[in-house]
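Q: Protein sequences appear in the order of chains A and B. The opening position of the first sequence corresponds to residue 1106 in our numbering, with each subsequent residue numbered one higher. The opening position of the second sequence corresponds to residue 86 in our numbering, with each subsequent residue numbered one higher.
Any given hint might turn out to be false.
To be verified - Subject to a maximum C-alpha distance of 30 Å in a straight line, what follows is the list of computed DSS-like cross-link-like pairs (lysine-lysine): (1) A/Lys1136 - B/Lys274; (2) B/Lys230 - A/Lys1136; (3) B/Lys103 - B/Lys163; (4) A/Lys1136 - B/Lys163; (5) B/Lys230 - B/Lys266; (6) B/Lys259 - A/Lys1141; (7) A/Lys1136 - B/Lys259; (8) A/Lys1150 - A/Lys1136; (9) B/Lys163 - B/Lys193; (10) B/Lys266 - B/Lys134; (11) A/Lys1150 - B/Lys193; (12) B/Lys278 - A/Lys1150; (13) B/Lys256 - B/Lys274.
Hints listed in this document are in silico derivations from the structure and should not be mistaken for laboratory results. The structure displayed is predicted, hence computed values, not measured ones.
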Amino acid sequence: MTQPERPRNWQDLTAGFILNNLSDEEWMLWKALCIKDPDLEAEVKSMQQTFNQFADIVPLHAPSQQLLDRIRAMVQYQGAIDSQGPLKVPSVVRQHHRLGQQWMRVGHWLTTLVGLGAIAFLSTQVYTLKTQGQQLKKQLNHHHQQLQNANVQIADINRQLEQSTAQLTAMEAALAQAQQR
Amino acid sequence: METFDSFMIVTLDYQSDKSVLDALRDGQVQAIDVLFQRYGFKVYSLAYKMLADAEEAEAMTQEVFAELLLTDAWQPDKEAMDSFLMTLTRSRAFTQIKRRGWIYAIAKQLSHWFPWKPRQPALTSSQLMLEEWHLEHRDNTAAAKQFLGHLPQRDLDILELAYCEVSHSQKLAKRLHLPPKIAKHRSRKALIKLHHTRIRAV
């Protein structure tokens, strides 16, 4: 079987496919090329392998021990199921587990958001009450000052009243002496 | 029983990826330990590097292994298992990143400000396995570094960015501060050049 002739830019297209940067026009060309030349798949895999060299320089991290346990459990579960025929339950279990985790996470953050909202609301209330308290204190001080002023005025009036009474008494005494004469 | 498991693992340890996978499909569940020891850390590390989230990276690793074990997606005569797993991890991780919305961004920011729970430290056995793996594969890492060293630093940076962080050409161009056409052209040329170097070396 002869190999179909490839266009000059086939490597460019292959690289574009792997790098996910083919334009719409290039994508159409690429699709047609793949149909015409099935051997291209091997070239893609080979170039992909080259690109995967970058995975060897990624800094290594250790997962938790539970990860291996979960994968072991998945294998054992599938092994048990296989005796009853092929089944895709593990993926459902995995999705369910993952969905559960996601909902848990959403729940956590919703609770946090509600908590933060409550704290913000209470803080606003405290601030408002504090401002009102300060205004009331100012008003109280003002009224206290007015009361003190009024007391001073009352004391003045009392003193004047006492003076007037004394003058009146003196005048009455003088009048009584004049009548006796 | 544990001694038997250890014996099986040691026996499987010397076999090819295909033989180990076949053994697993034949019911030798100990084979999963061998596969995980060979590729689990690499898959997890790549997923962790791309997703920057330990929980998500573990879920992704589990998914990738499920795909390997429960489907016939890997074709041993066409591709090495290592390359298959890395391609799958990378592709799944980019899909996962695309799926993340603004809620994820807010939750991530909140978790940064108010950590909900401390990151669970890797347990000793896992850490020990990683160290063992590191010792076994340090030659591979050194070889990869040496191989990638054939590229000029500029091209290396472009490909590294495209491999682990940016799946879209527009975003790649933005990160590189280059017009999209130039970024696309440079990344393709760099990959082709690297590929030719590898083919020549092989």
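Q: Honestly, which of those hints from before does the structure not fit?
A: 2, 6, 9 and 11
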